[in-house]
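Participant: Chains S and D are the protein sequences, given in the same order.
Quick note: the first sequence uses this note's numbering, first residue 1, plus one each step.
Quick note: the second sequence uses this note's numbering, first residue 1, plus one each step.
It should be emphasised that the hints constitute simulated quantities derived from the structure, not laboratory data.
Here the structure is a predicted model, which is why all the values come from computation and not from measurement.
For glycine and all other residues, C-beta sits at the position ideal for the given N, C-alpha and C.
Hints should not be assumed to be uniformly reliable.
From the structure, some residues in chain S lie toward chain D, with a derived Cβ separation under 8 Å [as the list claims (entries may be wrong)]: (1) S58; (2) P185; (3) E213; (4) F269; (5) E298; (6) I299; (7) K365; (8) E366; (9) I432.
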Amino acid sequence: MTQPVYQPNSLNTLTPNIWDIIVFIIVIGILAGIAWGTQQMALPYKVGEPIEISLAPSALPRYALSSVLRMFIAMFFSLIVTFTIAPLAAKNRQAEKFLLPFIDIMQSVPVLGMLSITVVGFIHLFPNSLLGPECAAIFAIFTSQVWNMILSLYQSLRTLPPELREVSKMYHLSGWQKYWKVEVPYGTQALIWNTMVSMSAGWFFVVLSEAIEVSKQNITLPGVGSYIDKAIREANLTALMYASITMLIIIILYDQFIFRPLLAWAERFHAEIDEETAIHQSWFYDLLTKTRLLKTCEIVFTKFADVFVNGYKRLIPRKQLKLSEKYKERISATSVVCWNALLVASLILTAIALVMLIRHEVHTKEVLHVFYLGLLTSIKVAILIVLASLIWIPIGVWIGLNPKFALVIQPLIQFLSAFPANLFYPLFVIVILRYNLNHNIWTMPLMILGTQWYILFNVISGTENIPKDIRLAVRNLNVRGWLWWRRMILPGIFPHYVTGAMAAAGGCWNASIVAEYVEWGGNTIVSAGLGQYITQYTHEGDFPRIALGIGVMCIYVMFFNRVLWQKLYRLAEERFTLI
Amino acid sequence: MNISENSTTLLSIENISKSFISAEGQELLVLDSINFKLREGEIVSLLGKSGSGKSTLLRLMAGLIKPSSGNLFYRNTPIHAPVQGIAMVFQTFALLPWLTVLENVELGLEALGVESKERRKRALKAIDTIGLDGFESAYPKELSGGMRQRVGFARALVVEPDVLLMDEPFSALDILTTDNLRSDLIDLWTSKRTKIKGIVCVTHDIEEAILMADRIVIFASDPGTIQAEITVDLPYPRDTESLAFRELLDQIYMEMTKSERSRIAKAKAQALLQAAHEEEPTEHPEYAYRLPVVDISELIGLVEAMEDHEVDGVINLPVLAESLHLDVNNVFPLTEMLDMMRFAKISEGEIAFTDAGKKFANSNIQERKQIFAQHLLQYIPLAQHIRHILDREPSHRTPESTFLNELQNYFSEEESERILRTIIDLGRYAEILAYDYDSGELSLENPQ
Numbered sequence: 001m002t003q004p005v006y007q008p009n010s011l012n013t014l015t016p017n018i019w020d021i022i023v024f025i026i027v028i029g030i031l032a033g034i035a036w037g038t039q040q041m042a043l044p045y046k047v048g049e050p051i052e053i054s055l056a057p058s059a060l061p062r063y064a065l066s067s068v069l070r071m072f073i074a075m076f077f078s079l080i081v082t083f084t085i086a087p088l089a090a091k092n093r094q095a096e097k098f099l100l101p102f103i104d105i106m107q108s109v110p111v112l113g114m115l116s117i118t119v120v121g122f123i124h125l126f127p128n129s130l131l132g133p134e135c136a137a138i139f140a141i142f143t144s145q146v147w148n149m150i151l152s153l154y155q156s157l158r159t160l161p162p163e164l165r166e167v168s169k170m171y172h173l174s175g176w177q178k179y180w181k182v183e184v185p186y187g188t189q190a191l192i193w194n195t196m197v198s199m200s201a202g203w204f205f206v207v208l209s210e211a212i213e214v215s216k217q218n219i220t221l222p223g224v225g226s227y228i229d230k231a232i233r234e235a236n237l238t239a240l241m242y243a244s245i246t247m248l249i250i251i252i253l254y255d256q257f258i259f260r261p262l263l264a265w266a267e268r269f270h271a272e273i274d275e276e277t278a279i280h281q282s283w284f285y286d287l288l289t290k291t292r293l294l295k296t297c298e299i300v301f302t303k304f305a306d307v308f309v310n311g312y313k314r315l316i317p318r319k320q321l322k323l324s325e326k327y328k329e330r331i332s333a334t335s336v337v338c339w340n341a342l343l344v345a346s347l348i349l350t351a352i353a354l355v356m357l358i359r360h361e362v363h364t365k366e367v368l369h370v371f372y373l374g375l376l377t378s379i380k381v382a383i384l385i386v387l388a389s390l391i392w393i394p395i396g397v398w399i400g401l402n403p404k405f406a407l408v409i410q411p412l413i414q415f416l417s418a419f420p421a422n423l424f425y426p427l428f429v430i431v432i433l434r435y436n437l438n439h440n441i442w443t444m445p446l447m448i449l450g451t452q453w454y455i456l457f458n459v460i461s462g463t464e465n466i467p468k469d470i471r472l473a474v475r476n477l478n479v480r481g482w483l484w485w486r487r488m489i490l491p492g493i494f495p496h497y498v499t500g501a502m503a504a505a506g507g508c509w510n511a512s513i514v515a516e517y518v519e520w521g522g523n524t525i526v527s528a529g530l531g532q533y534i535t536q537y538t539h540e541g542d543f544p545r546i547a548l549g550i551g552v553m554c555i556y557v558m559f560f561n562r563v564l565w566q567k568l569y570r571l572a573e574e575r576f577t578l579i
Numbered sequence: 001m002n003i004s005e006n007s008t009t010l011l012s013i014e015n016i017s018k019s020f021i022s023a024e025g026q027e028l029l030v031l032d033s034i035n036f037k038l039r040e041g042e043i044v045s046l047l048g049k050s051g052s053g054k055s056t057l058l059r060l061m062a063g064l065i066k067p068s069s070g071n072l073f074y075r076n077t078p079i080h081a082p083v084q085g086i087a088m089v090f091q092t093f094a095l096l097p098w099l100t101v102l103e104n105v106e107l108g109l110e111a112l113g114v115e116s117k118e119r120r121k122r123a124l125k126a127i128d129t130i131g132l133d134g135f136e137s138a139y140p141k142e143l144s145g146g147m148r149q150r151v152g153f154a155r156a157l158v159v160e161p162d163v164l165l166m167d168e169p170f171s172a173l174d175i176l177t178t179d180n181l182r183s184d185l186i187d188l189w190t191s192k193r194t195k196i197k198g199i200v201c202v203t204h205d206i207e208e209a210i211l212m213a214d215r216i217v218i219f220a221s222d223p224g225t226i227q228a229e230i231t232v233d234l235p236y237p238r239d240t241e242s243l244a245f246r247e248l249l250d251q252i253y254m255e256m257t258k259s260e261r262s263r264i265a266k267a268k269a270q271a272l273l274q275a276a277h278e279e280e281p282t283e284h285p286e287y288a289y290r291l292p293v294v295d296i297s298e299l300i301g302l303v304e305a306m307e308d309h310e311v312d313g314v315i316n317l318p319v320l321a322e323s324l325h326l327d328v329n330n331v332f333p334l335t336e337m338l339d340m341m342r343f344a345k346i347s348e349g350e351i352a353f354t355d356a357g358k359k360f361a362n363s364n365i366q367e368r369k370q371i372f373a374q375h376l377l378q379y380i381p382l383a384q385h386i387r388h389i390l391d392r393e394p395s396h397r398t399p400e401s402t403f404l405n406e407l408q409n410y411f412s413e414e415e416s417e418r419i420l421r422t423i424i425d426l427g428r429y430a431e432i433l434a435y436d437y438d439s440g441e442l443s444l445e446n447p448q
């Protein structure tokens, strides 16, 4: 329930290189391959007994529980993958070369597009059972959070202070002990923060992934998302209101009982020994620390952790088998060759898959058309970011300058950003239909509805971050009006603003898949763009075109990240970081 | 403590050299043929200014880095990686903030696979020994600097080492805390309550070295070599006001200025030599001189303070350093800079103004800048070199990377960065060059 915030030196700028291109081709090729293979499978398929979703409010608690469960299963897998992949990327140069661009690219693959592609595969994996769509939904949630988490831990591992490295070596900690005693704790705070950010954004995907239409077939899983979907189909505003209230309760519970206690607990992992840090507080955590239950849990956990981290050292005799340096070198040299061969092989295979796909299914003209649609969507994103900035920067600065007000309003904004924005889409649709407004223009706000808060939140924290001394000094010099904005506020909030705007833009791209193709009752409002293209062909089950749409969106997102956002970010780091 | 020649050798270092490869692929020699022995029952201080390789030597002994050539032995077995029996205390404490005092102390035992009950027992004993009882459950952030370093000592003691290595253990602490911790440490040592048989302590504080050590090894820099060894035969506790103490202090200053002077003389001689063969490319151009890293306001502050301490035309360095609370890392770079610029002349343990220096000290701000600019361009080859290149460029601008790359042929990346920062700082003060942070360019924007 919070946003990415600006943290100095948190972004490791990845300069584009040959690896980006290689990995990009492989990723898109694999997606295309899956899509192609999927199409060869016999359609339609059976997903077991169709689930009847009830719009009765009494059914909602059960649905809510299912949705939350999905979220946590995805989180569990994300954590496992994070703890495996992040050290691999941080410690193995060969793996790093591949993994970093891979993560970067996967981050720009739209989550919902991913869902469209993988769902059919999962259904075939578990025929005649809801397990298929269930896995697909969990997988979509998983992809929306895992990359962010891996990057966070990777960065912590890479920035471990040298003296901690020396201590581990000097006191003979093994690699395993060092990882769990030194490296993971060092990265814990950042990891929890990023996990929570991902989870907040995740509610949007939970809601969407439960009810999807693939190949003119509706797949529904029991959950709040399906409930919302059905309410929208039946144009039932009352049911929609019930769903909103349910989401509200879920998010409040999640915030109070998981998010805040975790952050308060993670304070102990703060690495800067001298900084006073009681930022995160939680009444629930304070309560817990007073209970006997928690103390018992802690003792059990400590015992378990001791066996987990140190146990093997007691079992294995102290003098371990040590490979000779020469032997080690030979092994690593061989594995490097194998690894590179594997990469080259997959590069060639995926390239062939891509060419085949385009040759067989899509014409060059259509590819160009898809790029044109991408251009339309990027223009929309650009306009929206500018508009949202014009609105939220002055408001954010005003809030930031009034700390008492900020204290009240910040939790509200955090809450709004976690709330699945698609619940509000019907309101817009009803207005658009009633007054017969231009679809292309008036559906645009839907895209930024959920992500505009990133800008506001960061502007507020940026303003608060400007030292009071500077503000007083500037006032003392009688600087006002435009000069005040130009010389103090705008440069002062710049690093925070860039972080917020970057996140907002990324969110817009993701949301375009839903926002350019909105339904209400029997009506469908379509506006031209890449998101609409992907959604339309998802409904029709034309997998090569889905893959094409996703690939193009991926290219656009990466292009903007590299060309615009990372440059701005670096500028912010070098010039506008307040000392 | 009396150390006879035939007592056991704990650490033995034979002909060790260490070099790093610079970003430009050049080999940079940090330590040059070092021979050293640590015998049972002695505390040895390694004294030198920063960059003299003393910390590198300590890390070599710890097995944290490997030598480029030469051999290291701990009780006659070669050191390739950290060995059991040697523990280290770090300058920045290097505690794990997420572990309590007790857990931090237990860390080394955990790594050895000691069972948890035994671990706790031994950790509590070490905590008790170092005087930390009552703080077992505290987190490092709750402790003051002195208490944190005690945790660092307890963590080292608990693994029952023979040899304790200390990397400037007191330099992050204030004077009172340092005095207290150091005397506790000496008590521990003389009462033989621990299994430690020998201590090596890196320091840049001369008094600290005399207060603690049985033997002081003085390092000269560029590359790091052993300049002198001084034996301290005073009983503990040592009195800083005693005559013997003052004599040792003078003796050490004398040794350190000696190495300083030979360095300066070498640099000056080379500058002369090069002036004779003008424009001829040489292997080691004169600008590739490890410019002492100084702060311009400190430099001018020192000049003013020197005036107050002048007695019969000379200034006693130990007295000056003591009254200004300057340590080795400040005093020597600053005086070296003054000597290089011909504002002062260093002799053994003393420094004296030159005529120009006297004039500089007695001028107002604008005149000072003029004199400074003149001397900087005349006597500091790097300033000359940069100015020469800027003059030659039609646009009178050159990116800093040009100079950084040149320097990196002779110095490490960080060192080059420091040297360039210093010359930019001095050049800006003298108004002989300008620097644009955003574009990273040096220029003649506001020349005189």
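Participant: Which of the numbered hints are not met once you compare them with the structure shown?
Facilitator: 1, 3, 5, 6, 7, 8 and 9
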